[in-house]
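> Relying on the hints, combine the two individually framed chains into one complex.
Chains as they are written, first to last, in this note's numbering: chain A, 3 to 237; chain B, 257 to 424.
Do not take every clue at face value.
No farther apart than 30 Å at their CA atoms in a straight line, the calculated lysine-lysine pairs in the DSS-like style are these [said to hold, decoys possible]:
id, chain 1, residue 1, chain 2, residue 2
1, A, Lys215, B, Lys265
2, B, Lys265, A, Lys112
3, A, Lys11, B, Lys265
4, B, Lys378, B, Lys298
5, B, Lys298, A, Lys152
6, A, Lys152, B, Lys378
7, A, Lys112, B, Lys411
8, B, Lys265, A, Lys227
9, B, Lys265, A, Lys17
10, A, Lys69, B, Lys397
11, A, Lys152, B, Lys293
12, A, Lys152, B, Lys296
13, B, Lys293, A, Lys169
14, A, Lys63, A, Lys128
15, A, Lys63, B, Lys265
16, B, Lys411, A, Lys169
17, A, Lys169, B, Lys298
18, A, Lys69, B, Lys345
FYI, nobody ran anything at the bench for these hints, they're computed from the structure.
Quick caveat: nothing in here was measured; it's all calculated off a predicted structure.
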Amino acid sequence: MDTITSINKSEIKEKAPLRPIKSLTDMCMACGTCSAGCPLTGIEGFDPRKIVRMVLFGMDKELIESKLPWLCTMCGKCEYACPMGINIANLIRTARGMVERENVPGMIHKGVELGLKTGNNIGLPKEDFIFIIEDVGEELAGEPGFSDFKIPFDKKGANLLHTLHNKLVNTQNEDLIHWWKIFHIAKEDWTIPSQNWEGVNWGLFSGDDEAMKCFVGRIVENMEKLEITNLMYPE
Amino acid sequence: MATRYGLQKWYPDFFDRFGALTVFDLLMEYIKSGRIKLDKSKITQRVAYHDPCNYGRKSEELFGHGFYEEPRWILDQCVSDWVDLYPSKGNQYCCGGGGGTLLTPYREERLYYGRRKIEQIKRTGAEMVVVPCHSCHGQIKAALEDNGMSDIPVKYLWEIVADILIVD
Numbered sequence: 003m004d005t006i007t008s009i010n011k012s013e014i015k016e017k018a019p020l021r022p023i024k025s026l027t028d029m030c031m032a033c034g035t036c037s038a039g040c041p042l043t044g045i046e047g048f049d050p051r052k053i054v055r056m057v058l059f060g061m062d063k064e065l066i067e068s069k070l071p072w073l074c075t076m077c078g079k080c081e082y083a084c085p086m087g088i089n090i091a092n093l094i095r096t097a098r099g100m101v102e103r104e105n106v107p108g109m110i111h112k113g114v115e116l117g118l119k120t121g122n123n124i125g126l127p128k129e130d131f132i133f134i135i136e137d138v139g140e141e142l143a144g145e146p147g148f149s150d151f152k153i154p155f156d157k158k159g160a161n162l163l164h165t166l167h168n169k170l171v172n173t174q175n176e177d178l179i180h181w182w183k184i185f186h187i188a189k190e191d192w193t194i195p196s197q198n199w200e201g202v203n204w205g206l207f208s209g210d211d212e213a214m215k216c217f218v219g220r221i222v223e224n225m226e227k228l229e230i231t232n233l234m235y236p237e
Numbered sequence: 257m258a259t260r261y262g263l264q265k266w267y268p269d270f271f272d273r274f275g276a277l278t279v280f281d282l283l284m285e286y287i288k289s290g291r292i293k294l295d296k297s298k299i300t301q302r303v304a305y306h307d308p309c310n311y312g313r314k315s316e317e318l319f320g321h322g323f324y325e326e327p328r329w330i331l332d333q334c335v336s337d338w339v340d341l342y343p344s345k346g347n348q349y350c351c352g353g354g355g356g357t358l359l360t361p362y363r364e365e366r367l368y369y370g371r372r373k374i375e376q377i378k379r380t381g382a383e384m385v386v387v388p389c390h391s392c393h394g395q396i397k398a399a400l401e402d403n404g405m406s407d408i409p410v411k412y413l414w415e416i417v418a419d420i421l422i423v424d
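With the rest of the complex left out, here is chain B (with noise of 0.2 Å):
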């Protein structure tokens, strides 16, 4: 999100340039073509998903575009029972890990942040969490730990993708 939001303002020429392919892009595509294949029957766990912010309010803000459908469609391919955290897409809570909080020393105000999310996901009953963004996956990652949560894997979306190709 950082790099789209700087060249769009100081950069703008690069669009005519060069193409730009987000991480939903790119498995979409691949998917889609048949690039690559992948065997949905690999994973048997409830897997829920996590809407980051950056990839929805905050892009619906700057880019006039959330990505709430394209992730939501590449898990349709990976699991057969995967849930949605409640409330989700742009009114959801954030992990308490973004805006750089993972990087200051307020390590107890972040994971009571979090108790939201490890709520959602409580609810749930999901044996696993995905996202597809680095900050969330840090932060889940350690709230969970926090709240003894730990069997409780969370992995990124590319990583379920590659967890499940089919290779010959």
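Here chain A stands alone, though its shape is the one from the complex (with noise of 0.2 Å):
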């Protein structure tokens, strides 16, 4: 026999993994307090409690086409409150990856779509990347006790590998040297892969597990290709 879990109709429901404590989403008892802690309530309409609502009673589509699921941080301060336990945060996420790819607002699917197609979220073509990284790595190589500071490619057997957030290499390419700096001073063993170099995972914002794997995937690949000892977590 089925067991019925609850009257209406949700896909977001059923797609939308538990968390590690055993919890469903029909045990909402609508007391409100994820919305108390939520610093997003009351702006532009939204409202946990509310957007666990519209999944129990099957609003699948309200969801989906409203601007809620974007406007929400996915900070999990609902899901840190609330006593049953509902993985809110994991609803909202379920329902991006629910919105057809060509209406994810902003640079979300945009720059996923560009990760899969170029290694880096920005499209940026792979001589570009050497010769910004090199530009700035020289100009580090310039500050006193910095000289024979050099920027390690695609170094084989290297300890740690270091991918980089697009925004530094795109904008803020001054925030580039810290960890560079802290690498020379300690004699890190260090390397930056010229190809697939993108550090962030936009595959998580935009609900795109299939994206999201492929881009770890690349990560993996790298440690292989160069025989790394250690990753550093990109964020």
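Set out below in structure tokens:
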């Protein structure tokens, strides 16, 4: 006999993975603790309790077509406070993943697409990437104590793989050097991959598991190909 | 966080074959082993520390460990006068830049969301904010500017370490 878990059918509810502690969205008591804790409650009609209600009422379509899932920062304060342990942020992420890709607002999916195609979310060609990184590296070499600093691209057998956040490569070059300075003084044996150097994974934000897996897989590939000992988590 | 989560989910054998280190692991190893030395006297301002959701609540949920003590130990090595925002750690407020919101067109909503973070920062009297997260960095910087507080710099945790490195 099938167990009836809910009166209304919601694909979001079925797909959203459960947290390690056993809990079901159906167990929501509508107490509103989530809404009280959420910094977004009241902004543009956002309210986590309302979102759980929408899911429980089977209002997938209304949720997916609204901008609510994209206003949430998935900070998890709602589920941290929830007495029933309901995975509210995962409901949001699952709803995001069910939005037609061309309707994903802003840069999130565009970045994922570019990343899948080129190896980084800003679609920067390899030679331009190397030019920017070497240019910033040469600047650092001009500072006292760093005269022998060089960017170690694709160094086989290095201890540490260092990936980069695309915004540092794109517009915030001045923030590239902090780790490089530390590595240099610590005499770290590190390397930057010249291909698939992207450190962030926007599949997490767009609710796209397939893309997310692909980006993680590329880091594994670089670790294998370059025979690296340790990965430095990008963030 | 995304990479670690993805490795655990899709490439669990990764951890048998390779090591993996967080930014905190690395900084703590370098400092504890003496591979880097720091000049703590260089930072004289009051510094406020913001806990990112991903290193706190999210890591607690996904990996069974929230990174609360590690950044605070590192701050102790770098800054004489640093303060927590209130509330902090597991009960902190998101800066408003998480979940990819920095990449959406909803800038106004996101900055309004950040008002609580600004109030928290104001209350501490801090002259600098330190974060270990790229999204928090971008959002807090924008929210401070939006509130006429751009005289308060936002720095990465590893940036203040790099700023006070003793270079022979």
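> Each hint needs a verdict: does it hold in this structure or not?
Hint by hint, here is what the structure shows:
| no. | hint | in the structure |
| --- | --- | --- |
| 1 | A/Lys215 - B/Lys265 | holds, 9 Å |
| 2 | B/Lys265 - A/Lys112 | holds, 24 Å |
| 3 | A/Lys11 - B/Lys265 | holds, 27 Å |
| 4 | B/Lys378 - B/Lys298 | holds, 23 Å |
| 5 | B/Lys298 - A/Lys152 | holds, 27 Å |
| 6 | A/Lys152 - B/Lys378 | violated, 41 Å |
| 7 | A/Lys112 - B/Lys411 | holds, 28 Å |
| 8 | B/Lys265 - A/Lys227 | holds, 21 Å |
| 9 | B/Lys265 - A/Lys17 | holds, 16 Å |
| 10 | A/Lys69 - B/Lys397 | holds, 25 Å |
| 11 | A/Lys152 - B/Lys293 | holds, 21 Å |
| 12 | A/Lys152 - B/Lys296 | holds, 27 Å |
| 13 | B/Lys293 - A/Lys169 | holds, 29 Å |
| 14 | A/Lys63 - A/Lys128 | violated, 41 Å |
| 15 | A/Lys63 - B/Lys265 | holds, 28 Å |
| 16 | B/Lys411 - A/Lys169 | holds, 15 Å |
| 17 | A/Lys169 - B/Lys298 | holds, 28 Å |
| 18 | A/Lys69 - B/Lys345 | holds, 29 Å |
Comparing the model with each numbered hint stated earlier shows that hints 6, 14 do not hold.
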